[in-house]
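J.: As a plain string of letters, each chain reads:
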Amino acid sequence: MRMAIQGIGVVGGFGCGLSALTQALAGKKVSPVYLPVRTHSGEVKLPVLQAQTDLLENFISKRALRRVDHFSRLALLGAYLALQDAEKKESKERIGIIIATGYGPSRTTFGFLDSMLDTDITLASPTLFSNSVHNIAATNIAIRLGITGPAITICQFDTSFQSALITARTWLEQKIVDAVLLGGVDEYCEMLGYCYHRFCSANKQDDCTVIDTGCTDIPLGEGSAFFYLTPEWNNAKYGYITKCYMSTCNTKKKTLFYSIDKSRNFMLNVPGVEKSFFELYGIMPIHFAFDIIIALILLNRQVVLNEHDNEYKKSLMLANQGYCVELQV
Amino acid sequence: MVYRPARITGMGCICAPGINLSQCLRAIFENTAPEPSLPQRFAKQYVRNYPVFEVPSSFFEQNSWAGQHKFSLTARFVLAAVHEALDDAGYSVKELSSMRVGVCIGTTTGAALNFLSFYHAVKKGKNPSLTPIKRYLKSNPSLVIKEMLTLHGPCQTVVNACSSGTDAIGIGLSWLQADLCDLVIVGGADELTPIAYNGFISLMITDSERVKPFDKYRAGLNLGEGAAIMILEPFNGSQNRHGKTRGYVLGYGTANDAYHYTAPHPDGTGLKKAIYNALCSCDKKADDIAFINAHGTGTQDNDRVESFVLRDIFPETPFLSTKGYTGHALGAAGAIEAVLTVACLESGKVPGCAGFNNPDPDLKISPLKTVTGVSGHIAMSQSLAFGGSNSALILGGRGL
Amino acid sequence: MAIKQKLKKILVEELNLEDVVPEEIDDSAPLFGPDGLGLDSLDAVEIVVLVQKHFGVEIKNLEEGRKALQSISTLADFIESRSS
Numbered sequence: 006m007r008m009a010i011q012g013i014g015v016v017g018g019f020g021c022g023l024s025a026l027t028q029a030l031a032g033k034k035v036s037p038v039y040l041p042v043r044t045h046s047g048e049v050k051l052p053v054l055q056a057q058t059d060l061l062e063n064f065i066s067k068r069a070l071r072r073v074d075h076f077s078r079l080a081l082l083g084a085y086l087a088l089q090d091a092e093k094k095e096s097k098e099r100i101g102i103i104i105a106t107g108y109g110p111s112r113t114t115f116g117f118l119d120s121m122l123d124t125d126i127t128l129a130s131p132t133l134f135s136n137s138v139h140n141i142a143a144t145n146i147a148i149r150l151g152i153t154g155p156a157i158t159i160c161q162f163d164t165s166f167q168s169a170l171i172t173a174r175t176w177l178e179q180k181i182v183d184a185v186l187l188g189g190v191d192e193y194c195e196m197l198g199y200c201y202h203r204f205c206s207a208n209k210q211d212d213c214t215v216i217d218t219g220c221t222d223i224p225l226g227e228g229s230a231f232f233y234l235t236p237e238w239n240n241a242k243y244g245y246i247t248k249c250y251m252s253t254c255n256t257k258k259k260t261l262f263y264s265i266d267k268s269r270n271f272m273l274n275v276p277g278v279e280k281s282f283f284e285l286y287g288i289m290p291i292h293f294a295f296d297i298i299i300a301l302i303l304l305n306r307q308v309v310l311n312e313h314d315n316e317y318k319k320s321l322m323l324a325n326q327g328y329c330v331e332l333q334v
Numbered sequence: 034m035v036y037r038p039a040r041i042t043g044m045g046c047i048c049a050p051g052i053n054l055s056q057c058l059r060a061i062f063e064n065t066a067p068e069p070s071l072p073q074r075f076a077k078q079y080v081r082n083y084p085v086f087e088v089p090s091s092f093f094e095q096n097s098w099a100g101q102h103k104f105s106l107t108a109r110f111v112l113a114a115v116h117e118a119l120d121d122a123g124y125s126v127k128e129l130s131s132m133r134v135g136v137c138i139g140t141t142t143g144a145a146l147n148f149l150s151f152y153h154a155v156k157k158g159k160n161p162s163l164t165p166i167k168r169y170l171k172s173n174p175s176l177v178i179k180e181m182l183t184l185h186g187p188c189q190t191v192v193n194a195c196s197s198g199t200d201a202i203g204i205g206l207s208w209l210q211a212d213l214c215d216l217v218i219v220g221g222a223d224e225l226t227p228i229a230y231n232g233f234i235s236l237m238i239t240d241s242e243r244v245k246p247f248d249k250y251r252a253g254l255n256l257g258e259g260a261a262i263m264i265l266e267p268f269n270g271s272q273n274r275h276g277k278t279r280g281y282v283l284g285y286g287t288a289n290d291a292y293h294y295t296a297p298h299p300d301g302t303g304l305k306k307a308i309y310n311a312l313c314s315c316d317k318k319a320d321d322i323a324f325i326n327a328h329g330t331g332t333q334d335n336d337r338v339e340s341f342v343l344r345d346i347f348p349e350t351p352f353l354s355t356k357g358y359t360g361h362a363l364g365a366a367g368a369i370e371a372v373l374t375v376a377c378l379e380s381g382k383v384p385g386c387a388g389f390n391n392p393d394p395d396l397k398i399s400p401l402k403t404v405t406g407v408s409g410h411i412a413m414s415q416s417l418a419f420g421g422s423n424s425a426l427i428l429g430g431r432g433l
Numbered sequence: 254m255a256i257k258q259k260l261k262k263i264l265v266e267e268l269n270l271e272d273v274v275p276e277e278i279d280d281s282a283p284l285f286g287p288d289g290l291g292l293d294s295l296d297a298v299e300i301v302v303l304v305q306k307h308f309g310v311e312i313k314n315l316e317e318g319r320k321a322l323q324s325i326s327t328l329a330d331f332i333e334s335r336s337s
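Chains as they are written, first to last, in this note's numbering: chain A, 6 to 334; chain B, 34 to 433; chain C, 254 to 337.
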């Protein structure tokens, strides 16, 4: 079964919304901020493509956001934008929520640890604890949007989103829901930056032989990428996900703290586009969700990258970490 | 849509009552399961006056996976349970490599950034070894199974808080229905950590004594840990080598309350819908259910809402909570309970609800107190979670 | 600062009640439910931690908490009775 893409909501270091990502793809400069990371030998600065969520206040009151952390705000904004874009008709009881995340709500997770460690263990914060569960973004979306269908969250580093696509299709195919709000979300926090810095500066024999960090000059990123998906018999606003499957190629791989292995992340049949697009949104585990949106922008002719563009007029294949996804317009 | 039943051809279980399924069942039915005690493995500054159900120390002495310190304890639990289940089903690792094998595992701590001592050291300006981070990156429960068994099918780690294990089994069922795999390894795994322990204490929902599910004097949960695994195969698939079927996963339903971060909806709307969906997904009625393995954490809210819903949909159906034996093993809980439920159908009896003594007049219903014979071949196991997830599995015995 | 004033400031800051001005909180208004501050069960356990953090007063269980956590007044009385 094909999944029809009816709405897109995207938030990242490039800005907010599909138009911001389209402009970045067309060449508008995306600039990182340099955030401090404290190490035993002093402070270092890491480039990060930070995502802003101020626009969320267009959708929701400040009061309702009082316990909503940055991770959930990224997800909520992506979800609101995707639903607005889709002009959905499905009943809220029949919408499923699937969230994919590489590391979950990392700021709040370490925030809770701070509350345990800083003064007295008896002052550990229940609010931070309950917000540090991985399904907090799905919870906030369900509560704020009143969606009472199934809601699940998937967390397995940089294959989270690819894996989530498979369950989204299963739910639609088996009519468990009429639509799926599928989103990837990751946030930057200092501790993730610290680990990245440590892996990148580690002695090759010591650490990098075990964990490939893919260290580059490209900034770390954060953001959310949401899709509103319905079964194929609806007309698709952006196109279709026609295939998504596991291939048996490259099953043996190193674990990556932040993956940016260009050889495994490319659009298979886009001549002249062997490049990856990390420069636009930054390195993060759910990058594949952003790549799908970029592929849709290319297929819908909103940006033409080079003279070969006729060759991928109708469909594109994306491959990453043993997962293959085919898009069609 | 109605699911084709999935055959359960192997099971494995590790939790406080025992380090394999038969040991767990013996301890539960012979009433020799240990009481909870204060955490033994935590650094003492993180231990407070609340007992937990830890996996017995014999695991570390007897199980070959226990010494694999490059993996987190959650990963070691799950690998041990997977191997128990594969042995039970009669599969060698080599045989699996030629099949389409999926993996779907529920967890909470197994995917969480819970490197407490590493973080503490960084905060204090030290330069700690990256070993805990490397261990975390190698230990994602579904990925580590896929890697260790060299599998090629779909692979998913479900992090739906306390319903994760139930959801992982339900997702596995839907994958078989969609013919995405020939066999799927499903279940849940979680280890006790000082983080979740202190988190639940901060929410004031832990009991300083043994948990008392559905009891008038219930005062909160005890945390537990472990892993449970089922090997699922298609109903009409070619028989596995031994042709053994221990039971069936028949149906699954899930729904979100869209109500609150930690509290269940007072009317149990999401739970009712999950149960209804689960029954419909296998074309069964409430009357078909012989007994229910409830979530029964022993917290005020959970047991009240769950009783309310059970009273409404299943006024006469016997029910129990097994958390008085296992503690609340979070992401593993739903899987442990599903495995125990199938084992009960297999043996034709259910244990009493450990920890329950005094009926609560407000709840108006009471769980089973003693070992009771089961008439019927279909049971339900349900989970409620932070974030408002409610999930239910309909399970069948082999006599079905 | 008087206990009540300090409590109001702490609740507004630590519970992120950005739309509430501390001075405008009525001493006797209910903390929970729609007729007062609109807090919930999760705020209740957070307040237990906040009271311990800022006043060194322990609320041992939710039974004890239920009586103390009615309003700013009842909470201030509870803190006063325990801190002497």
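Think of the hints as simulated: they come from the structure by calculation, not from any bench.
A virtual CB, placed ideally from N, CA and C, is assigned to each residue, including glycine.
Among the hints, a few may not be true.
[Claimed, not checked] Straight-line C-alpha distance at most 20 Å; calculated EDC-like pairs for lysine to aspartate or glutamate:
id : chain 1 : residue 1 : chain 2 : residue 2
1  : C       : Lys313    : A       : Asp125
2  : C       : Lys320    : B       : Asp334
3  : B       : Lys382    : B       : Asp334
4  : C       : Lys306    : A       : Glu48
5  : B       : Lys317    : B       : Glu349
6  : B       : Lys157    : A       : Glu237
7  : A       : Lys67     : C       : Glu317
8  : A       : Lys94     : A       : Glu195
[Claimed, not checked] Across the chosen pairs, the derived CB separations fall in these ranges:
id : chain 1 : residue 1 : chain 2 : residue 2 : range
9  : C       : Val274    : A       : Glu92     : 53 to 61 Å
10 : B       : Thr405    : C       : Glu271    : 36 to 44 Å
11 : C       : Val274    : A       : Ser320    : 51 to 59 Å
12 : A       : Ser320    : B       : Gln95     : 34 to 42 Å
13 : B       : Leu433    : A       : Met6      : 26 to 34 Å
14 : A       : Pro41     : B       : Phe93     : 35 to 43 Å
J.: The structure should be examined with respect to each hint, and the outcome stated for every one.
T.: Outcome of the hint check:
no. : hint                              : result
1   : Lys313/C <-> Asp125/A             : 16 Å, holds
2   : Lys320/C <-> Asp334/B             : 19 Å, holds
3   : Lys382/B <-> Asp334/B             : 29 Å, violated
4   : Lys306/C <-> Glu48/A              : 31 Å, violated
5   : Lys317/B <-> Glu349/B             : 16 Å, holds
6   : Lys157/B <-> Glu237/A             : 55 Å, violated
7   : Lys67/A <-> Glu317/C              : 32 Å, violated
8   : Lys94/A <-> Glu195/A              : 41 Å, violated
9   : Val274/C <-> Glu92/A: 53 to 61 Å  : 39 Å, violated
10  : Thr405/B <-> Glu271/C: 36 to 44 Å : 55 Å, violated
11  : Val274/C <-> Ser320/A: 51 to 59 Å : 58 Å, holds
12  : Ser320/A <-> Gln95/B: 34 to 42 Å  : 54 Å, violated
13  : Leu433/B <-> Met6/A: 26 to 34 Å   : 30 Å, holds
14  : Pro41/A <-> Phe93/B: 35 to 43 Å   : 42 Å, holds
The structure is inconsistent with the numbered hints 3, 4, 6, 7, 8, 9, 10, 12, although it conforms to all the rest.
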